[in-house]
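Student: Each chain is listed here by its residues.
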Amino acid sequence: MSIDATREPVIQAIDLEHTYDNGFQALRGIDLTIYKGDYVGLIGQNGSGKTTMIKHFNGLLRPTKGKILINGADATTLTVGKIAKQVGFVFQNPDHQIFCPSVREELEFGPKNCGMSPGEIKDAVEDALESFRITEFAGHPPAILGFGLRRKVSLAAVYSCHPTVFIMDEPTVGLDHRSARELLDIVGELNRNGDTIILITHDMRVICENTKRGIVLRNGKLILDGTTREVMSNIEVLRQTQIRPPQVIELSKELSAPDVAEFPLNVDEFINEFVKTKMVM
Amino acid sequence: MTLDFYVKRDSWMHRLDPRVKLVLAVVLMVAAMLVRDFWLNLFLLVGMLLMLASAQIPANRFQWVFKLTVPVTIMIVILWPFFYHSGPCFFYVGPLPITLGGIIDGIAMSFRIISLCFACCSLLFATDQAKIVRACVKLGMPYKYGLTLAIALRYLPVFFGIITMVTEAQYARGLDIPKKNILKKLKSYMPILTAMLIAGLRNSDNMSNALETRAFGASVENRTYYSDFSMHSRDWIAIAIIAIGMAVFTYFFVILDVRLPNIFW
Amino acid sequence: MSTSIENANQDLSDNIIEVKNLTYSYPAYKEGEVAPKIFDNLNLTVKKGEFVSIMGPTGAGKTTLCLALNGIVPHVCGGKFIGDILINGMNTKEVTISEIAKVLGIVFQDPESQLFCMTIADEVAFGMENQGVPTDIMHEKVQKVLKEVGMTGRDDTNPFHLSGGQKQRVAIASILSMEPSILILDEPTSGLDPIGKKEVFSVVDRLKRERNMTILMIEQESERIAEFSDRVILLNNGHIVADGTPREIFANEEGLRECGISTPQVSEIALRYNEANGTNHRFITMDEALDVLKK
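Chains as they are written, first to last, in my numbering: chain A, 1 to 281; chain B, 1 to 265; chain C, 1 to 295.
The shape of chain A in the complex, shown without the other chains:
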């Protein structure tokens, strides 16, 4: 995908390579631009380089070759702490990120590190509590809350710094369908308000039903980058990566002519496309 001049890039990877100390080359030349307001689904098997790439986006790893630009600035000139104010990273295991005696203090931690004034901190915390609907738990210790709530708290804790980019590593794992739905609705709200979202997940339905852009990595290379519809419809390439698109897409392929390249992403679209009512003449 060539660079779109009409949109503002927030993260750019230019010929990004990364080789670990033990000699393993995790990234083999990635060229990628994430724009403001994107809602990206990042897909790939474990070991494809997803986590390595994502860690470059918030400065936890530095390129062994190539460049990373964060809002135009070279990432190597910024400390991780500085990048954290612009790019928020929610880890897969919320227990690695939350440790304070109460939810409120947890949400204050980030803003304090960001150097906000006490007034700003208070506002940011109240806003986060409300946005994530966890106000009633403000005084509770996060450790005793259920898993779904801990996940929300970890997301809220990153949100309270008001970064403009959110990277989330498997946010729906371990959540039942309803809690996952609730979380994704909140994330969708963030995106509608202008924040950029990068979602790593193995759940193809989550990708189809929420994201606008799909990126697929395999063996450290970018093999697909396009709209979610384009990417998820590319069944052949996905199959090479051992990824199975949702049932609606597989069904659509069987029911469509061979030259059709784009398929419905959810049940509603599928019904509109393939199921004609007997009433319509």
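Incorrect hints may appear among the rest.
[Unchecked claim] Pulled from the structure, derived: some chain B residues nowhere near chain A, Cβ distances all over 12 Å:
id, residue
1, Asp37
2, Ala53
3, Phe83
4, Ile104
5, Leu116
[As the list claims (entries may be wrong)] Listed below are several chain A residues computed to face chain B (Cβ distance under 7 Å; list not exhaustive):
id, residue
6, Asn58
7, Leu60
8, Gly81
9, His96
10, Gln97
11, Phe99
12, Gly110
13, Asn113
14, Cys114
15, Ala143
[What the hints assert, rightly or not] Distance ranges between label pairs, derived from CB positions:
id, chain 1, residue 1, chain 2, residue 2, range
16, C, Glu94, B, Tyr145, 31 to 39 Å
17, C, Asp14, B, Asp10, 49 to 57 Å
18, A, Gly23, B, Phe82, 43 to 51 Å
19, C, Glu31, B, Asp176, 39 to 47 Å
20, B, Ile163, A, Lys212, 30 to 38 Å
21, C, Gly153, A, Val260, 43 to 51 Å
These are computed hints drawn from the structure, not numbers from a lab.
Where is the CB? At the ideal position from N, CA and C, for every residue including glycine.
Chain A is fixed; fit chains B and C onto it per the hints.
Tutor: The following block gives chains B and C in isolation, referenced to the frame of chain A:
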């Protein structure tokens, strides 16, 4: 980061009963601690290296022991002459004579440190961790303690992994661990410790369910063991050699107090 | 205690699991507080050889039910336990957990914490060691079950070096080595990548076809559940809200939405198709959907 230094080979050392290797390790450690003489220390160190070589342990698997002990070694060789004086003197540092004997003794001391490290590790290079724990249990350690030790060793790399992940998670939340301010630095380790503690507690809760499900504690007397080994003739011969070696050493260097000739001056 | 075991041998009933009027609450956090009830008069029977899937939102009591079936609730957890659970005729209140372990095994959700031995072979043998199985038989069985789960040749590997899917397969092997008649899997693929999920489900599939076991699987993957199960039970707030074949359960969109459970997309398609065309299809697999839609 595990304590798993095991190199899988089929050498004489690998084939020895783990209990014999445990005894050997203890004997070597004691020897390293007792021996003062320069030549004996050198002999001990070279002997251990030859032993590892004959056990087919490649040099690149144990050269980290040298790397680890280099700073300590250099420090000892520099400082020792200040405290021990013997033989011809090279120069004075204030009132303290820096002597050849002091330097030689310092080198001998550093050999002792390295020998001690190797004595501990030699066991681990040629023996699977699981077998070491099993050997301890066979030598009389109650099974419960053996299992606890095995579980601790098993989860060591997991907990080191947690340290890394939590540190990264904290960096990602804007935490900058200060280099200069010790107090602030210690404070910034709190999240890491808390996360590790909580992970440990959750882990142990799940693990106890898993243990119960596998009938742990069903019958202490009738418990059988998958991993079993017994002493063969080669093991008894090895024990005999160790015993003779210890006897000879004690006789000559402790009882008779034989001193090796000094060729340095 | 011996009477229950004698009864077990004489019991000719087809039901291998019987939960009768189970009411349970965990011990309260503080003195004087009343802990909420996890189950209130729960009744459930499972026949020998059935493959039952249990679905439900978080907090429905699924894991507690597993722990109740193998006796950890109430022997280890305490709490207020009213009612009876019979496993192969044995009353869980009257026998030890080790006795139940001869008949029932559970594979838990977290691969890391249920593999605590230093090598895979030790892990698989652990259960047998506790039961006093002779060493040579243990060696045979270890190889047999490792082959069944596709993990042959890795006897000395430290579990730390395995992927999530491999770990869960070893966990299954370590339960299979005890030769239980009932296998319970508590969200075995939660947190695994697609390859890991595929590996675990293919082992489950194999077990279903080749072994004569009763299997209870707790899962969120409705599409897989539709493939495997003879029977699906919906649990919500400690109550069974639905119990039937996958076809019946996934046709009940109302009930599922109430529980916050997702249906397989094909079932949703079936419902919408029926709405549009006045038919009464109930697809649960893609092949069934294609058969109808291609016309």
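Student: Evaluate each hint against the coordinates.
Tutor: For each hint, the structure was consulted:
| no. | hint | verdict |
| --- | --- | --- |
| 1 | Asp37 | holds, 41 Å |
| 2 | Ala53 | holds, 26 Å |
| 3 | Phe83 | holds, 40 Å |
| 4 | Ile104 | holds, 39 Å |
| 5 | Leu116 | holds, 29 Å |
| 6 | Asn58 | holds, 6 Å |
| 7 | Leu60 | holds, 5 Å |
| 8 | Gly81 | holds, 4 Å |
| 9 | His96 | holds, 4 Å |
| 10 | Gln97 | holds, 4 Å |
| 11 | Phe99 | holds, 4 Å |
| 12 | Gly110 | holds, 5 Å |
| 13 | Asn113 | holds, 3 Å |
| 14 | Cys114 | holds, 6 Å |
| 15 | Ala143 | holds, 6 Å |
| 16 | C/Glu94 - B/Tyr145: 31 to 39 Å | holds, 32 Å |
| 17 | C/Asp14 - B/Asp10: 49 to 57 Å | holds, 54 Å |
| 18 | A/Gly23 - B/Phe82: 43 to 51 Å | holds, 44 Å |
| 19 | C/Glu31 - B/Asp176: 39 to 47 Å | holds, 44 Å |
| 20 | B/Ile163 - A/Lys212: 30 to 38 Å | holds, 37 Å |
| 21 | C/Gly153 - A/Val260: 43 to 51 Å | holds, 45 Å |
Going through the hint list in order, the structure satisfies each hint without exception.
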